[in-house]
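Protein chains in written order, with our numbering: chain A, 5 to 625; chain B, 469 to 722; chain C, 35 to 437.
What the hints contain is simulated information worked out from the structure, not anything from laboratory work.
All figures in this text were calculated on a predicted structure; none of them were measured in a lab.
Please note that the accuracy of each hint is not assured.
Derived pair list, reagent style PhoX-like, types lysine-lysine, alpha-carbon separation capped at 25 angstroms [said to hold, decoys possible]:
| no. | chain 1 | residue 1 | chain 2 | residue 2 |
| --- | --- | --- | --- | --- |
| 1 | C | Lys196 | A | Lys272 |
| 2 | C | Lys196 | C | Lys220 |
| 3 | C | Lys200 | C | Lys217 |
| 4 | C | Lys220 | A | Lys272 |
| 5 | A | Lys272 | C | Lys359 |
| 6 | C | Lys401 | C | Lys373 |
What follows is a list of derived Cβ distance ranges for each label pair [as the list claims (entries may be wrong)]:
| no. | chain 1 | residue 1 | chain 2 | residue 2 | range |
| --- | --- | --- | --- | --- | --- |
| 7 | B | Arg547 | A | Trp336 | 53 to 61 angstroms |
| 8 | A | Trp616 | B | Asp700 | 26 to 34 angstroms |
| 9 | A | Arg620 | B | Asp700 | 51 to 59 angstroms |
| 10 | A | Arg96 | B | Ala616 | 28 to 36 angstroms |
| 11 | C | Asp427 | A | Tyr389 | 36 to 44 angstroms |
| 12 | B | Arg664 | A | Pro297 | 34 to 42 angstroms |
| 13 | C | Thr362 | A | Leu270 | 54 to 62 angstroms |
| 14 | A | Leu390 | B | Gly534 | 54 to 62 angstroms |
| 15 | B | Trp581 | A | Ala473 | 54 to 62 angstroms |
| 16 | C | Ala388 | A | Leu270 | 44 to 52 angstroms |
| 17 | B | Ala616 | A | Ala182 | 31 to 39 angstroms |
| 18 | B | Asp700 | A | Ala191 | 45 to 53 angstroms |
| 19 | B | Ala600 | A | Leu321 | 34 to 42 angstroms |
| 20 | C | Asp364 | A | Leu321 | 28 to 36 angstroms |
Beta carbons: idealized from backbone N, C-alpha and C, even for Gly.
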Amino acid sequence: MDFVLIQFLTGLSNASALFLIASGLTVIFGVTRIVNFAHGSFYMLGAYLAWTIVRAFWDWGGREPYLFVLGVLAAAVVVGLIGVAMEMTLLRRIYRAPELFQLLATFGVVLMIQDATLAIWGPEDLPLPRPPWLRAFIDIAGSRFPRYDLILAIIGPVVLALLWLLFHRTRFGILVRAATQDREMVAALGVDQKKLFSGVFFLGSALAGLGGALVLPSQSANLQMDLSIIAEAFVVVVVGGMGSVTGAFLASLLIAEVQAFGIVLLPKITLVLVFLVMAAVLMVRPYGLLGKPQAHARAASGAVEPTLRPAPNILGLAGLAALLIAASAPFWAGAYAITVLIELAVFVLFAASLHLMMGPGGVVSFGHAAYFGLGAYGAALGLRYLALPMEAGLVAAPLFAGFFGVVFGVFVVRLSGVYLAMLTLAFAQIVWAATFQWVDVTGGDNGILGVWPSAWAADKSVYLWLALALCIGGTLLLRRFVFSPFGYGLRAARDSELRAEAIGLDTARLRLAAFAIAAAAAGLAGGVYAYAKGSVFPTYISIPKSVDALLMVLLGGVQTVTGPIVGAIAYHGLFVGILQATAYWRAALGLAIVVLVLAFPQGIAGFARDRWERARGLEAA
Amino acid sequence: MSAPVLEAVSLEKRFGGVHAVAGVSFRVAAGEMLALIGPNGAGKSTCFNLVNGQLRADGGEVRLGGQSLAGLRPRAIWRLGVGRTFQITATFASMTVRENVQMALISHRRMLWSFLARATDQFRAEAEALLAQVGMAEQAGRPCGVLAYGDLKRLELAIALANDPKLLLMDEPTAGMAPKERTALMDLTRGIVRARGLACLFTEHDMDVVFGQADRIIVMNRGRLIAEGTADQVRNDPAVREVYLGSGATSGGH
Amino acid sequence: MRITRRGVLAASAATLAAPALVRAQGTQPIRIGEINSYTTLPAFTVPYRNGWQLRVEQINAAGGVLGRPLEVVWRDDAGRPQDAVRLAGELLDNERVDLLAGSFFSHIGLAVADFALQRKRLFVASEPLTDALVWEKGNRYTFRLRPSTYMQAAMLVEEAAKLPAKRWVTVSPNYEYGQSAVKWFKQLLSAKRPDVEFVAEQWPALGRIDAGATVQALAQARPEAIYNVTFGPDLTNFVRQGNTRGLFERRSVVSLLTGEPEYLDPLADETPEGWIVTGYPWDQINTPEHTAFRDAYRARFNDYPRLGTVVGYDTISAIAEGIRKAGTVDNEKVIDAMKGIPFTSPFGAVTFRALDHQATLGAYVGKTALKNNKGTMVDWRYADGANYLPPDDEVRRMRPQGA
C-alpha cells in the first residue's frame, strides 16, 4: 500500500535524527557511565550554531548545498568542543564521586545553556530559510516525499557504518569498545583515561550537534528543543541497550516507526506509546535489545558505601531546634514565609522518600514525581468524584500512590541499575501523559482546582502545623525504618545480593516493599502539597519534578540519612530565592548546582559527616 | 556411619554441549569435614552451586536430612539449616562487623519485617558470642569495609553459623589468604564443626589444607567423581595422581 | 516606574522573615503584582513585558492614577502553576501589592485565579485563553483580557462556514487548549453548516509533533479543508512538511492564532498563502489609537509591537481605569467598578463584561500572504470580541452561582 510505504519512509527519516542523538548519548554512557542530561542541550546548540554558521556561509558564497554541508559539520565540531570543555572543566573533577553524581552536574549545565542560548540568540524561534533544493520532493507512489527527508533516512545508516568503522578499525575506537566492556581493565593497561574520556565526549557531543543541525531545515531552532528530545533519546538508548550503538540504531527505527504508524491508528496516545514500547521491551529484555548486563556497576564506581551511623546527638538537637523554629513561624514570620515553610516540609518528605530507595535501597528512580503527583491527584480526584474532605484526602493520597507503587514496583524491581531508573521514568511519563492528555477525567493541563483544606486547617498557621506533623512525622518514620531490621535488610540486599540471599533475605520483596513505602510517602507529600496549593496539575509529575527530587537527594548526600533533609532545604531554598531574585535564575541555579557539586562531591551532609568522623578519629569505610 | 546430613545422588548438569557434572554422588555426615577437590574445570564449582541452590540440576537430587532440595532457592535452603561462605567474601560493607552477624540472626529469627525496632538492639549478645567463637569479638564495632581479608573470612564464618546450621558449605575458604592464616582458619572451622556436630563440605585449592583438615576427600575430574576416601587413600590413588601429576608421574616410579 | 529586584542573598533572607511593612497611603505607588512565564515563553512574554512597561511609563508621566504612580513588581513563574501560586502569595504578603495580574499559560491562569478567589484579591488575567477561566471556573475576583479560545474559534467559524468545503480534518496539540479549540470549532461549524463532516483528527503532543507523519496522515483522509490549532515550533515544522508534501495545495486552511506576529514571523518566507487566520496585522492598522501606540512603542523599544505587547499594554490600561473609576485601590470596590468598565485599547473600544468578566477585546481575522519574503495578513477585518460570545443565558449557566 502506497500510504504505508510513505509513512514507513517518514519513520525512517525520523529514525535517523533520533539515532544521531541517541548514538552520542549511548557512546558517552558506555565508556564514562555518565547519564548526560546536557545531551539535549548539545542537540539544541547544534541547531542554533548551524543556523548561525550556515547563514554566514550562505551570505558569503550563496545558498549552495556544499556550504550547507560544511556549515552543519562545523556546527557539529563546535558542539563537540563544547562537550569536551564540559568534560575537562567539570566532569573530570568528579569522576570519583558516587555514581549518578555527575548527572547532577550535567543538569546544572542544562540550566546554564538554556539561559546562555536565550541571551545569545534571543527568544524567537529561528528558522533556516530553505533554498529550493531543500524544499524539493520526489514522487514516490503518487505522493510527494521531501528529498531532504530521504537524504536524512540515508544518513542514519551511513553514520552507523562510519561509527562501525571507527570502532573496529581505529585504535581510538577499539579502546572505546574495550572501555565500554571493562573500564578498569583498560585503565590498568595504561591507557590515558583522560584523553579517552575527552575523545568520547567530543564524539558523543558532536553527534548530538550533528543531529540538531540536521533537523534544522525541517523545523526551527527553538528554546524548547533540549528538553523535548532528551526523554526520547534516553528511551532509545535504553531500548537499544546502553552502550550499544547498533542497539540504538535498531531502537530508533522501532520507536520512529511505532510513532509514524501510531499517529494513524491511535492519534491521541502517541506520547504514551513510546514509553509503553520501552516498558514492554524491558519486560522481555531487561538490558535492552542489544545491551549486556553491566559488570558490577556499583563496584566499578570505586565507592564503597560507608557505614551508616545514627546521627550524633548534636544533630538531633539541631533538627529539633529547626523544627521548633519552623513551628513557631506563625508568631514571628509573615504569611509568605509560612507558605515556603510548608513547601520545605513537603519536599523534605518527598526527598526522604526517594532517599529510602536510593540510599538504603540502592534503587535509583528517575520518575519519583509520579508518586508525588499520584498522591496529589488521589486527593484531588477523591474530591472531584467522591467529594472526599481533606482528612480523607490525606489518607487517600498515600494509599493511591502506594497502590501504584506496588503495581509499577513489581515490574521495576526485576531490573537493575540505569535500566531500572529508566523504567521508573517510563512509568512516570505514562502517568504524566494520562494526567496531561486525559482531559475528561483529570482536567488535563488545566488541572483540578479548589483542593483547599477543611475549615479547621484553612488558616495558614494551622496548615503549617499539620504539614509539619505529617511531613516531618513521615520523614522521622522513614528514618526509623532505615534503622529497623527492615532497613538493615534493604541495605543488606544492596551491599551484597549474594550474601543477602544466602542468609534467607528475599531481596526482590524487600525492594518492592521499599518501593511501595517510598511511593506512599511521596504520595503523602503530594497530598499535603495539593491542599497547600489548592490545586493539582500535571506539572507535579513532569520530568523536572523528578529531577528536583534527585537533585535534593544527591545534593544533600545519598549516603547519609540526614542528606535528603539537608538537600531538600538547600535546593528548594536556593530555587525559591534565586527565582524571585533574578530573571536569569536558570543560569544562577545551574551555576550554584555546579559549584555545590564541585565543593561537596559527597553531598552537603556527606561532607559534614566526613569532617565529623575525621575530627573524632572514627573509622570510615 | 550415622545417617548423612547431606546426600547428593547422581547430580547432572549440562551447559550447552558441556557435561559439567555427570552423575556425581556423595554424602556428608554430621561432624565430618568433606573436601571436594579437582583440577581447574573439573566441575567443582558447578557441583557446589548445585548443592547450594545457585544452579538447578538437570538430573539427580540433593537431600538435606532426607529432604529434597530440588527447586529451592538459596534463601530457602538456608532456612533449612545450611550456612555458607564464599570464595570471594560477601559481607555487608556498610555495616559493622557485629551488625553483619545481627543481620543474619534477624533473618533467622524472622524479625526482618519489623519496621520500628532498632536493628542494632537485636540479638546483640548472641552476635557477640558468635564473633567470640571465631575470634572476632574485639573487632565487633569496626566497619566491615576496613577489615583485613582474613578477618572478613572469619566474619563470614560467624555469619554462616548464625542460623545454627546442620550443614556448612565453604567455597574455597582459604583463597587469597596467607599460608599461616589458612591453617588458623581451618583449625578454627574444624573445631567448630566438631563441637557443634555440623557437616561441612568445602572446596579447596590448597592441598596442605585439604590433606591436613579433611576427614574425607572426593576428587572430581571432567564432571565425574574419580576418587573418594581418606587423605592417604586419595593421595595414593593412581587416577588422582594421573590427573594432578600427569601420566608421566604414574609411570615415573620406574 | 521601578522594577523591584533584590540581590539573591537579601531575597532569601528577607522573604522568609519580612515583617509586614505598613505602607502609608498618599503618594506611595499603587503596586501591581505581575506573574508570567518570562523564561519559559520569552518570545511571547518579553514583548508583553515591554507593552506593560510602556503603558506604566505613559500613565506615570501623566501623573499616575489617583495622584499615585503605578509600580509593577514582576515575577517569573518558571512555567509552573505551583510556583506561580507561591509567588502570588509572596507578592501579596511580602511585596504588599494591591492586586495581581499576568499569566500566559491557561493552567497557571487558573491556578492564580483560584488563589485570588481564596485570598479575595483582584486578578487581571492577561493572556490565558482557556474558557474555564471566566466560565466553569470563573470567580468574582478574576477578569480576563484576551479573546478566549471560544471567541477566536467562533471568529474562524464565521469564515469557515462561507467555504464550500465539506470534508474537514483537524490538527491540534493534545492538551486542554487544543481539545477545546477543536471541540468549539466542530460544534459551532456543525451548527452553521450541518452538511460538513470531520473525517480525521490528528493530536500531536505539544512541542513534539512528528510533522511528516502527521501531514501524511491528514492527506490520507483526502480533506477539502483543514483546521489547524498547532503553534510555535510545531507549526513551523508542520508548515514546512505540509508545503513540501503539498498538503495545503487546493485546500482551504483555517488556522487559530497563526496571524499573530509571534507565530507568523518564524514562518518567514514559507508562510503559506491564503490561510484564514486570527491575528494582528500590526503594520497595517492605522487607526489613531493604534498609530499612536505603535509609534510610542517604536520610540521606546526600537521594535515593532507583537500581540503580546498589546495585551500587556491593555492590562495596565484596564487596571488603571478600574482604579480611577473606583477612586480607591480597595479590591472589592475596584472589582465592582471594573464590571462593565469601558477602556481604550490600540484595537479600539473595549469593555469588561459585567456578566462574566471577559473583555470584549477582539482579534483581526484575515488571510495570510507573503510580502517581501515575510508573512503578513491581507483582507483582514477587526472582529470585535463582543460579537463572538455565546448568548448570555448560556454563559450564566456555565458560570458558577455568585461568581
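Structure-based check of all given hints:
| no. | hint | in the structure |
| --- | --- | --- |
| 1 | C:Lys196 with A:Lys272 | violated, 30 angstroms |
| 2 | C:Lys196 with C:Lys220 | holds, 15 angstroms |
| 3 | C:Lys200 with C:Lys217 | holds, 17 angstroms |
| 4 | C:Lys220 with A:Lys272 | holds, 17 angstroms |
| 5 | A:Lys272 with C:Lys359 | violated, 48 angstroms |
| 6 | C:Lys401 with C:Lys373 | violated, 34 angstroms |
| 7 | B:Arg547 with A:Trp336: 53 to 61 angstroms | holds, 58 angstroms |
| 8 | A:Trp616 with B:Asp700: 26 to 34 angstroms | violated, 60 angstroms |
| 9 | A:Arg620 with B:Asp700: 51 to 59 angstroms | holds, 57 angstroms |
| 10 | A:Arg96 with B:Ala616: 28 to 36 angstroms | holds, 34 angstroms |
| 11 | C:Asp427 with A:Tyr389: 36 to 44 angstroms | violated, 29 angstroms |
| 12 | B:Arg664 with A:Pro297: 34 to 42 angstroms | holds, 39 angstroms |
| 13 | C:Thr362 with A:Leu270: 54 to 62 angstroms | holds, 56 angstroms |
| 14 | A:Leu390 with B:Gly534: 54 to 62 angstroms | holds, 58 angstroms |
| 15 | B:Trp581 with A:Ala473: 54 to 62 angstroms | violated, 26 angstroms |
| 16 | C:Ala388 with A:Leu270: 44 to 52 angstroms | holds, 45 angstroms |
| 17 | B:Ala616 with A:Ala182: 31 to 39 angstroms | holds, 33 angstroms |
| 18 | B:Asp700 with A:Ala191: 45 to 53 angstroms | holds, 49 angstroms |
| 19 | B:Ala600 with A:Leu321: 34 to 42 angstroms | holds, 36 angstroms |
| 20 | C:Asp364 with A:Leu321: 28 to 36 angstroms | violated, 48 angstroms |
Hint check: violations occur at hints 1, 5, 6, 8, 11, 15, 20; the rest are consistent with the structure.
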